[in-house]
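Asks: Take these sequences, add in the hints, and give me the full structure.
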Amino acid sequence: MLTADLAMSWQRGQRTGPRYIDAEDPGYLQVAEDLSRLVREHEGRRRAELEHALAEYVGVGTDYKILRGLIKLLLDRCMFEVSCSKDPAEVRQTLFFKVRSHHPVVEGSGLREQLIAETAEELGCAPEVVVEGLYADLPGNQRLTYFEELSAKELLDRYNLSQAQALLYRCVEMRLWVEPQEPSIIRGLFEAIKAYRLIHTIKGKPSAGYEIRLDGPLSMFHRSQKYGIQMAVFLPALLLYPGWRMRAEINSQNSGRATFELSSDQHRLQSHYLVEIPGENPWLGKLIESWPGLNSEWALQPSKDVIDLGEGAFIPDLVFGHPQRERVYLEVLGYWTPRSLNERLKEFEHAKLKNYLVAASEELRCSRESPRGLPPNVILFKKTLSARELHAALDQFVHREDRPSAGSE
Amino acid sequence: MGEVNEVVLQFDSGTLLLDGADESTQVPSAFQWDRRVRRWRAPAYSYRQVVTELVRKHIPHQDQARKYYQFEFRTELTIEPRPYQRESITKWGQVGRRGVIILPTGAGKSLVAQMAIEQTGRSTLVVVPTIDLMNQWYDLLLSCFQAEVGLIGGGYFEVGAITVTTYASAFRFMERLGNQFGLLIFDECHHLPGSVYRYAAEMAIAPFRLGLTATPERADGNDRLLERLIGPIIYRREAQDLAGEYLADYSVVQINVQLSPEERATYERERTIFRRFIGEQGIDLSSLRGWQMFIAASARSEAGRRSMQAYRESKRIALGTDAKLRVLSKLLQRHRTDRVLIFTAENEMVYRISEQFLIPAITHETNIKERRQWLEAFNQGEILALATSKVLNEGINIPAASVAVVLSGSGSSREHIQRLGRILRKQPGKEAILYEVVTSGTAEERISQRRGSGDQFQGRRDEAPDAKWAERRLRNVDG
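Read top to bottom, the protein sequences are chains U and S.
With the numbering used here applied, the first sequence corresponds to residues 1 to 409, in that order.
With the numbering used here applied, the second sequence corresponds to residues 1001 to 1479, in that order.
It is worth saying that the hints were derived from the structure and are not from the lab.
Just to be clear, a hint being listed does not mean it is correct.
[As the list claims (entries may be wrong)] Straight-line alpha carbon distances no greater than 25 Å define the calculated BS3-like cross-link-like pairs of lysine-lysine that follow:
(1) U:86 to S:1369
(2) S:1369 to U:98
(3) U:72 to U:153
(4) U:98 to S:1091
(5) U:304 to U:203
(6) U:346 to U:304
(7) U:86 to U:98
(8) U:86 to U:203
(9) U:304 to U:286
[To be verified] Partial list, derived from the structure: chain U residues whose beta carbon lies under 10 Å from chain S:
(10) 99
(11) 111
(12) 304
(13) 308
Since the model is a prediction, treat every value here as computed from it, not as a measurement.
A virtual CB, placed ideally from N, CA and C, is assigned to each residue, including glycine.
Replies: In C-alpha cells form, the structure reads like this:
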C-alpha cells in the first residue's frame, strides 16, 4: 500500500476520486519496466545503492509522486538482509572497546588501521570484513536478497488500486448498495466486513437489495477516519464480488467532506486478493425439487433475505413457509468448528432470533472434537441432507417450540 | 428468578459495552444505545465516570473491562526532587490524579512522571512523540524502577508493568490494549489533541492520567480537548520562574569553520540555482508561508524540482563539511581525558564520525540493548566519546559527560543548544563546555546568528567568544 504522502486525488465540488494512471499507456508501461529492471539489477547490492539509483531515475521530473508511488510498491516486494560473515554488533563491541587506551584515534596516526587489524585477528577474519561489517546491519547497508517480480501491467494495476485505497485512508463512512444476490455471495461479503473489523447497519428488502452502512465502534460518538485503513484493506475484498455500488465519504484534505463512488461495473481496479467465493451447494437445488414429493404443509424456497444480527448478519439459504405459521429459515454452514457454531448460536440468541435452523455437514467440520449439547435447531448431516431428514428436523423443531416452556422454574 | 440482573461491563475495540442490559435498562449517563449491535456503548475514556455511577446508583455489575493491575513500584530517586516537582505532583494527587502539568523544557518533567508512577501504583503507559524519546524513557524507567518495563514501537511489542510507546503506535494498538493501563502519561501532551492521535486517549479506560508539556497552547484552539482527554491544567511554571536557580553551569564556545575550495564552489553553484528560482517565483523565505510556497512551487516544474535538490545539496555541504571533522579531531585531542558527547543533525554524519574515530554511534537505528550498553560503557569510562544524532537529549542520565560538541547545528534553536548543555555535569575543578561548530559563509551561519539574538533566558552563563578567539584556543591545543 502507499503511504499517505504519495496519495493523489482530485476533487470537484462534492465529488472526489483517486488520480489513476492509464495502465495501457506505453510511457508508463516503459517506466514500470525500467523501475522493475533497476530493482532486479540491484539484487545482491546495498539498499542505499538501489535507492540512489531509483532516485536518479526519478530525477527532476514533475511526475515524481507517481514514480515514487510505483517505487514504494516495488520496494514492498523486496527483501533486504544483513550479509556479513561476522555479526556487526560483535564487530563494533570488539573494535570500540579497544579504543579506550588509545583515545582519540586521529587520522594519519595509523592507529585506526592497527586497531582494525587487531580486531580482525581476534575475530578470525580479514580487516576488510571488519570495516565492511561495522555497520552492515544498517538498513541502507543491507543487501537485496529477494525481489518478487511482477509484470509492468500488473504494477500499474496495483498502483491504481493502491491510489483508491489511499483515498479511503480518509474515509469516515462507507455505504454499499447490494443487488439481490445468491446467499453465498452476500454471506461472503458480510464475512469480509466482519473480518476487517467494520461494523455494519443494514436497510432494505430481499427483492430490492440492501443498503449497508459501514463504520467502526467509535463512529457513534463522532464520525472519525479512524477506520479508514480498515476500509482500504477491505476494498480489494469488495472488488471480488459482483452487484454492488459503493459511496465513501471522504474527509477532504482542504476542508469539509466529499464522496468517492465506485461500483462493481468498473474495470480499472483489479483485486489481488485470493478469496474463493463459495458456489451454491449443488444438492440444495435437488432438495427444493424433491420437497413437493413429501406433501408437506410447509413450502420450501430459496431465500434472498439478509437478517441483521447486530455484529453479524444471517443470510439463510432456504426459507420454509406455512399458511398459519411464522416462516423458518435454514442456513447451511460452510467449514465450521464446534466453537464457531457456538458463537453463531450466541449471535442468534443475542439478536433474539428463534425461527431458524442451522445445518452443518460432518464433512466440513474442521476439528476433531464433535460438538456436544446442541440445541434442536442444529441439524448435523453426513454429506448431503435429504428432503425427508430435513422435514423430520423441521417437525421436531416446530413441535418443541409449540410446547409450553417445560422445565423452567 | 428472584435474582437481580447483573450488567457486565466489557471493553470492546476502544469502547465500553454493557452486556445484559436492554434498551429499557437504567445505565450510566455516558452510555448511548448502539442500534447497530443492540447494546449500550460508551467511549472507553468515560470508564472512571461509568464505574462511579454504577456504584453510586447501586446497579449490580461485574467489571470485565478492567485488565490492569496494582503494583508497588519501588523507585530509587537518584536525584532529590526540586520543590516545584514535589508541589506539582502533590497537586495532581489532590485533584484525583487527572491533569496537565506545565514545566519549561529541561525542568525535569521525567522526574515528575516517575513520582506519579510510584504514587499511583497501577499498570502504566507512557506515550511519547518519537522513537528517540521512547528509547530515552525506556532507559530512564529501567534505571529507576525495579519493574518489568515494556516497549511498543520501533520493532518491539512487549507490554510490561510500565510500558513506553509512541503516539503513532498508541493510536494503532489502543483499540486492543486500551483496558490494560491504569495510568496514562502523555509526554509533550500538546501533540495529543491534533490529528488522529487523540484516539489513543479516547480508546483507553485509564482512570488516572497525567499530561506533561512546556507549551500546551495550540494555534488551532484544540487545547480545550486536552481537558477532556487528560484533565485540567493543574500546575504551571514558566522558564523565567526557574532559570538561574536550577540551571546547569556551563559555557558555550562557538567555532567557525571554512568550506574547502571545492566544497565552496559546489555550495555556491547550488545556492545560486536555489536563489535564482526563489527570485523568479518572488518567494520571500523569511516567513513560514514563504517556505510553504517554495515547497508547493518546487513540485510544479523541473526548475522547481532542481532548486529543491540544490537546496538540499547546499545544506548537506554546509552541515557535513570535512572541516568540521578536522575541528572535532582537535577537540577530541584537547579533551582526551574528558567524556565527550558529539551531536549532529544527520545520521550519515554520525556514522562517518563513528567509522573514522572508532567511536560508538547512537541513532534511532541503534537497537535498544546496544544503546544501553554504550551508555553504560560511557558512564563507566570504558569508552570516552559517543556520537549521536538528535537522539540523546534532555532527561537522559549521563552523569559522566562534561564536554559536548554540536556539529551541524542548523535549524536547532538556542533553546535546543541549552537543552543539550544541561546534560553536562561540571567536574570538580573543571568547567563543563559546549562547543558549537558552524560553517562560515553559509546559510547555517545566519541561522546560528538569529538563534543568538534576543536571549530571553535569564541567569544563564553564556560565553560565546568570537570565532578568532576559539580558533586561537584550538591552535594552542595543537601547539
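Asks: Give a verdict on every hint.
Replies: Comparing the hints with the structure gives:
| no. | hint | verdict |
| --- | --- | --- |
| 1 | U:86 to S:1369 | holds (19 Å) |
| 2 | S:1369 to U:98 | holds (20 Å) |
| 3 | U:72 to U:153 | holds (16 Å) |
| 4 | U:98 to S:1091 | violated (51 Å) |
| 5 | U:304 to U:203 | holds (14 Å) |
| 6 | U:346 to U:304 | holds (23 Å) |
| 7 | U:86 to U:98 | holds (18 Å) |
| 8 | U:86 to U:203 | violated (63 Å) |
| 9 | U:304 to U:286 | holds (18 Å) |
| 10 | 99 | holds (5 Å) |
| 11 | 111 | holds (9 Å) |
| 12 | 304 | violated (22 Å) |
| 13 | 308 | holds (9 Å) |
Hint compliance for this structure: hints 4, 8 and 12 are broken, all remaining hints hold.
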